[in-house]
Amino acid sequence: MRRVYSDKHMVKKAAKFHMFINFALRIKNLQFGGRPLECWVPAQFTSSWEAYTEMYCWAQNTYWVPIEQVLSS
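Note that the numbering used here has the sequence shown beginning at 16, numbered continuously upward.
Hints listed in this document are in silico derivations from the structure and should not be mistaken for laboratory results. Small disclaimer: the values here were computed from a predicted structure and weren't measured. Even for Gly, the Cβ is constructed at its ideal location relative to N, Cα and C. Certain hints may be false.
To be verified - Cut-off 30 angstroms, straight-line C-alpha distance, at most; resulting in silico cross-link-like pairs (DSSO-like, lysine-lysine):
1. Lys43 - Lys28
2. Lys43 - Lys31
3. Lys27 - Lys43
Claimed, not checked - The calculated label-pair distances, taken between Cβ atoms and stated as ranges, are:
4. Ala74 - Asn44: 14 to 22 angstroms
5. Leu86 - Gly48: 27 to 35 angstroms
6. Ser63 - Lys28: 43 to 51 angstroms
7. Leu86 - Asp22: 49 to 57 angstroms
8. Ala30 - Glu65: 36 to 44 angstroms
9. Trp55 - Arg18: 50 to 58 angstroms
10. Ser87 - Lys28: 46 to 54 angstroms
11. Ser62 - Ser21: 47 to 55 angstroms
12. Leu86 - Arg41: 28 to 36 angstroms
13. His24 - Tyr67: 48 to 56 angstroms
14. Gln59 - Lys27: 47 to 55 angstroms
15. Ser63 - Leu86: 31 to 39 angstroms
Hey, can you work out the whole structure from these sequences and the hints?
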């Protein structure tokens, strides 16, 4: 027996799909194209101090591992 879907069902399904894609693209753009991290800074910070602080916060927890170093599993 074949299922018959109404037009409302197909429209709802398409709307959900497009909403998901739109949400995923917005998140991707925020992470890779926008400001991925926003730190709370004191009110007296100027915009340049705020930008520096946010870049420092973003890079603070990153680290570098030499290519020759063997990582334990």
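Here is what the structure says about each hint:
1. For the given pair, Lys43 sits about 23 angstroms from Lys28 by alpha-carbon distance, which is consistent with the 30 angstroms threshold.
2. Of the supplied pair hints, the one linking Lys43 and Lys31 holds, its CA atoms being roughly 18 angstroms apart against a limit of 30 angstroms.
3. For the hint pairing Lys27 with Lys43, the CA-to-CA distance comes to about 24 angstroms; that is within 30 angstroms, so the pair holds.
4. Under the hint 14 to 22 angstroms, the C-beta atoms of Ala74 and Asn44, about 21 angstroms apart, fit the expected range.
5. Taken as a hint, the range 27 to 35 angstroms holds for the pair Leu86 and Gly48, whose Cβ atoms sit roughly 31 angstroms apart.
6. At roughly 48 angstroms, the beta-carbon separation of Ser63 and Lys28 lies within the given 43 to 51 angstroms, and the hint holds.
7. In this structure the supplied range 49 to 57 angstroms holds for Leu86 paired with Asp22, their Cβ-Cβ distance being about 55 angstroms.
8. With their beta carbons about 39 angstroms apart, Ala30 and Glu65 fall inside the hinted range of 36 to 44 angstroms.
9. Between Trp55 and Arg18 the beta carbons are some 53 angstroms apart, a value that agrees with the proposed interval 50 to 58 angstroms.
10. Between Ser87 and Lys28 the C-beta distance comes to about 47 angstroms, which sits within the given range of 46 to 54 angstroms.
11. Judged by the Cβ atoms, the range 47 to 55 angstroms given for Ser62 and Ser21 holds: they are separated by roughly 53 angstroms.
12. Separated by about 35 angstroms at the C-beta atoms, Leu86 and Arg41 satisfy the suggested range of 28 to 36 angstroms.
13. Between His24 and Tyr67, the C-beta spacing of about 52 angstroms keeps the proposed range 48 to 56 angstroms intact.
14. About 51 angstroms separates the C-beta atoms of Gln59 and Lys27, a value consistent with the hinted range of 47 to 55 angstroms.
15. For the pair Ser63 and Leu86, the supplied restraint of 31 to 39 angstroms holds, since their beta-carbon distance comes to about 38 angstroms.
Going down the numbered hints, you'll see the structure goes against none, and every one checks out.
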